[in-house]
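S.K.: Residue strings, one per chain:
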Amino acid sequence: AQSVTQLGSHVSVSEGALVLLRCNYSSSVPPYLFWYVQYPNQGLQLLLKYTSAATLVKGINGFEAEFKKSETSFHLTKPSAHMSDAAEYFCAVREGGGFKTIFGAGTRLFVKA
Amino acid sequence: EAGVTQSPTHLIKTRGQHATLRCSPISGHTSVYWYQQALGLGLQFLLWYDEGEERNRGNFPPRFSGRQFPNYSSELNVNALELEDSALYLCASSLTGQGSSGYTFGSGTRLTVV
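Residue numbers (our numbering), protein chains in the order written: chain A, 1 to 113; chain B, 1 to 114.
Read the hints as simulated data drawn from the structure, not as lab findings. It cannot be assumed that every hint is accurate.
Partial chain A-side listing against chain B, Cβ under 10 Å, derived [what the hints assert, rightly or not]:
no., residue
1, G43
2, Q45
3, T51
4, A86
5, F90
6, T101
From the three backbone atoms N, C-alpha and C, an ideal C-beta is built for every residue, glycine too.
So that you can see chain B by itself, here it is in the shape it has in the complex (with noise of 0.2 Å):
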């Protein structure tokens, strides 16, 4: 069973440009959830996606948005880029209302903006 894959992998933009992430669940999951992890910063939750609606977002201002496709996948879209938008971007998956059950993360995209 393929596990949650996140596109691209690394991604360099210049301040101001605009920035594309990609997640794809894992095959049957249909909650999709969204972290930043800035160095030193720990895991910040930005948005949760179930069903195609987005349920939830963190504390990020409205410049990071996203959306949920049919087929689940989703992506996670940043912009106006700032230098402080570096880090590593996880995406991760569960079933719906199974959060509780913990979740799968991709490997993350590594936003770097210079």
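Bound-form chain A, shown alone (with noise of 0.2 Å):
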């Protein structure tokens, strides 16, 4: 069964820092994967996707995230922290042929000025 773990609820940083924000999946077969934001009061938006073409995958605002099978994690990054990265971000996972998509239990970051 597929699940995914995300490292830490909360995550802080200083206004320029790099941002990590971590994630580890668990799938039976090649998955697809996911990191979505969530802005307060609003649903989630779409950042970036892995669907097993290069392993490092670039998204929006800045962010990227390589995929690494022998580790099992999609760690999510950005060079510099800009305070309107401040936001909920969730990792999830879909088997490749599954119809239902995991989501891991979110991490919230904080940019301090």
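Reassemble the complex: the two chains are provided individually, in unrelated frames, and hints are given to aid placement.
M.R.: Pasting the structure below:
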């Protein structure tokens, strides 16, 4: 069965610092992997997705994620945090051929001035 | 292009009452997914509709039900409301069989049961 674990329910960084949000998954078959962002009182917005092409995936707003099969990880990074990046971030997995997308518990990112 | 729209934005109900939540997918999307986002519990899969049929449901009691209409819009019905049903209910859509491309979410309906 597929599952997603996001390490750290809260992450705080200074403006301009590196953002690193961790995600590990388990899946019995090659998965599709996603990162979504949720701003207060809004739905989720797709940041980026991995669908078995390049292992380094670039998304919107300067975010990128690297798929590492050996580590079953799909960590999200951004070189320089901006105040507008403060939000909750969700990692999600969908097994190839499966119907259901499973979401992690989310990581809330705080950006300090 | 209009996104996924959900109505109402907020809904306050009394325990034991019935709630109906509505969702209109992106034009051309035939799959609709419902998720419950309760405080501290992340997103829990509720229901998946595709081409007018319920394709699968999550681990929720039968008082959670819904349907999809010929225009692919959908409604979620919750009967005999309980306090723990208070949550943000999110609807998402995708092209049929293209969930691997990711979902487009609506802004949600905040249901409060008092």
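S.K.: Hint T51/A vs chain B: min CB-CB distance below 10 Å?
M.R.: holds (6 Å)
S.K.: Tell me if T101/A is really an interface residue toward chain B, meaning its C-beta lies closer than 10 Å to one of theirs.
M.R.: holds (6 Å)
S.K.: Is the shortest C-beta separation between A86/A and chain B less than 10 Å?
M.R.: violated (18 Å)
S.K.: Under 10 Å, Cβ to Cβ, is where G43/A needs to be relative to chain B, so tell me if that hint holds or is violated.
M.R.: holds (4 Å)
S.K.: With 10 Å as the cut and Cβ atoms as the points, is F90/A at the interface with chain B?
M.R.: With Cβ-Cβ at 7 Å, under 10 Å, it holds.
S.K.: Quick one, is the Q45/A hint okay against chain B at 10 Å, beta carbons?
M.R.: Holds - the Cβ of Q45/A comes within 10 Å of chain B, reaching about 7 Å at its closest.
Going through the hint list in order, the structure does not satisfy hint 4, though it satisfies all others.
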